[in-house]
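Let's have the full structure, built from the sequences with the hints guiding it.
Protein sequence lines, in the order shown, are assigned to chains Y and H.
Heads up: the first sequence at position 97 corresponds to 97 in the UniProt record's numbering, and the numbers run straight through without jumps.
Heads up: the second sequence at position 175 corresponds to 175 in the UniProt record's numbering, and the numbers run straight through without jumps.
Certain hints may be false.
Copies of the same chain look alike in the list, so a pair counts if it works inside one copy or between any two.
Derived SDA-like pairs (lysine to any residue); straight-line CA-CA distance at most 25 angstroms [claimed, not checked]: (1) 347 to 67; (2) 347 to 141; (3) 279 to 53; (4) 347 to 364; (5) 332 to 344.
Just so you know, the hints here were simulated from the structure itself, not pulled from any lab data.
Protein chains: 2
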Amino acid sequence: MQRPAFARWLAQTNDVTQIFLSAGQRPDLINMAGGLPDPAVWPVAELSAFAASAVSDHPTETLGYGPIEGLPALRDALAARFSTPELTLTRANILITTGGMQALDLIGKVLLEEGSLIAAQTPAYLGALDAWRPHAPRYRTMRLEDPDFAPATAFAGAQFAYTVPNFSNPTGRLVGLDSRRAMVAAAETTGTWLVEDDPYGALYYDGAPLPRMLTLSGVGQTGTYAGPVVYLGTLSKELAPGFRIGWIIAAPEMIAALTAAKQGADMCTSGLCQQIALKAFESGLTDRILPDILSLYRSRRDALGDAMASHLAAHLDWQVPVGGMFFWATAKDPALDTDRLLRQALKHGVCITPSSVFDPHGEDRRSIRINFTLNAPERLAEGIRRLANAIEATLAQTD
Amino acid sequence: MQRPAFARWLAQTNDVTQIFLSAGQRPDLINMAGGLPDPAVWPVAELSAFAASAVSDHPTETLGYGPIEGLPALRDALAARFSTPELTLTRANILITTGGMQALDLIGKVLLEEGSLIAAQTPAYLGALDAWRPHAPRYRTMRLEDPDFAPATAFAGAQFAYTVPNFSNPTGRLVGLDSRRAMVAAAETTGTWLVEDDPYGALYYDGAPLPRMLTLSGVGQTGTYAGPVVYLGTLSKELAPGFRIGWIIAAPEMIAALTAAKQGADMCTSGLCQQIALKAFESGLTDRILPDILSLYRSRRDALGDAMASHLAAHLDWQVPVGGMFFWATAKDPALDTDRLLRQALKHGVCITPSSVFDPHGEDRRSIRINFTLNAPERLAEGIRRLANAIEATLAQTD
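What follows is the structure in structure tokens.
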């Protein structure tokens, strides 16, 4: 007998993820595709001790079912951490999620019906497109750097606007203060929820951090935050991804809806992992290791930029990012199809991510994303040499 | 400005969960509503040591991103644990989930469109109804104990059949061998997926365990399992819920679809928690602590049964369960509305779960679920005395 059909969205997944996964098995390959941290930044001894004491000092919180919203002490710690003189956050503004990805899934669950409209900064994070694909949403693409970008027009009629203002994945672009203010104002006037996805907010290598849109939208409010920004944070980039700890900061009515969705998604996030996160904040561990992370990644950003300048300037254009994990480079020659470049790159022993997977409509084949956090400088340079050869080979095929 | 509307399913959540949550804050209340383990069964010292060595011995697996499907070693261990002479399982049959609840969410994602049909053993697990509510499925209710129950008729046209054969939540009922065989045969002839949700499979207090439907459906197959059963397991009842570790065992095509759904749900399950689960299996810890868990819960099952016989026999009918965590008791008098009983019970300082939340159509107000694993015998007895008074008060109001 034939089995029942799978849901329709499963037919729409692209094969690029499969290509990455099989590429990951090859030890000779230089992987510049993912957004992976260097394991050297993890404070293994401290985390091992935290894990042990979390269980022995707090067995009920670590081993039992916890509240759907997360451990009260961790929610309080995050409320305190993100509050500013202009922004009053309480526990009611905080939901703990199972990694940053779950936040995107829950937002889809509470705001999307089939065909709902999302206004998305484009190119857009692949994981967000993955999370929302089952709802078959419509996308209005937003190019924030376009001088004609008008947030209120872009937001109108959308269930939410989706942005990564700090070092966007994939472009590494920093959204400026004026654009942030304009989007907050547009969210206020249109009523649209404004999702501020901020996994890279701590990874500023040059200059002082810009204020969060969450903070900007709190200005002038009194009492517990009730504004339109839905802020997403994660422990993955500042400490380690393996704990799968993220958080959502939003108006209490949004937190209540997301909590109902989380109840049916995974009931609660691991109490052990939450307790370790709490210890990492309270002990100052996350703040203490950040300078070393920034120093390491800044030097790699510089190494990759130098290698690109030496080998790729003839074929690609890019801007050096001031933070985050990625360069975004665009082909000078429109004939350079970056989906085809990926296949050539794999033959040459290097893996990058083509722009098609970051386009909600799957059409952009002009750019690539290159990660600089995982590999040491000499390996980054070798990867770029291989990539230059792959570009030549792709163009030769095209001619 | 008005905010965009939340998704429609959010209007359909019942308020019973909220009632439980606020009841949980009251220290004087005897909570017999939840399905919680007694913290006394947790091997805290061993788990603290496992947590420490998981991080220090396997930093990459515990602290980094892992494969979406789960750690290969844990998938292999589960394949070995559930293989039998009749059933060949490999890594390709296993997906690690973030607790048992995520398995239900992922099944909904890959098999349900709006209005899809589910054939559900009824009364049904509340968490499954929660997980699938966003898809607005239709339900065909199945009463497996009904002598006229015809599985092939019940399964026809359904995307999947949902069952909890070992000590069903909420009824505590054990589905017999003949019914298991009949459902497996019906799944084969109709093609329908057969979800076997088995969180309580280890908690047999009397008699030998019956074979899983997964095992029954493997008989006569050669090579890697490719049958219709989608088996759900969890570490929550046998070790501790706080790790949020569950697993799905199914045909490779189903595992592949579920993996695509998990990618957009939370990317991967905590590597730390997976590594601890692996150690718990490999060291024999789960097998070693099981006899003490069974002994403790058996004595509480007996204590609750004795108290019920002393105080509730005039008003309720029930069968003593041979495993699991719950008694299910049904009012002799149809005028005893158990939603109203819940409110009276809370006034009397005891919490139970009314049948309405386990009915896909929300109509059954004739029964209650009573948990016996969390409280010591004397507290169980006091809870039942309070419940008897609450029943009298509810009936007095009704008259």
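Consistency of the hints with the structure:
In this assembly of identical chains, the alpha carbons of residue 347 and residue 67 lie at most 25 angstroms apart only when taken from different copies (23 angstroms versus 49 angstroms within one copy). Within a single copy, residue 347 and residue 141 get their C-alpha atoms no closer than 33 angstroms, and across copies no closer than 54 angstroms, so neither meets the 25 angstroms cut-off. Taking identical chains as interchangeable, the C-alpha atoms of residue 279 and residue 53 lie at most 25 angstroms apart whether they share a chain (10 angstroms) or sit on different chains (18 angstroms). In the homo-oligomer, the alpha carbons of residue 347 and residue 364 lie at most 25 angstroms apart inside one protomer (22 angstroms), although the nearest pairing across protomers, at 62 angstroms, exceeds that limit.
Proximity of residue 332 and residue 344 under a CA criterion of 25 angstroms is satisfied intra-copy only: 18 angstroms inside one chain copy versus 74 angstroms between copies.
Going down the numbered hints, you'll see the structure goes against just number 2.
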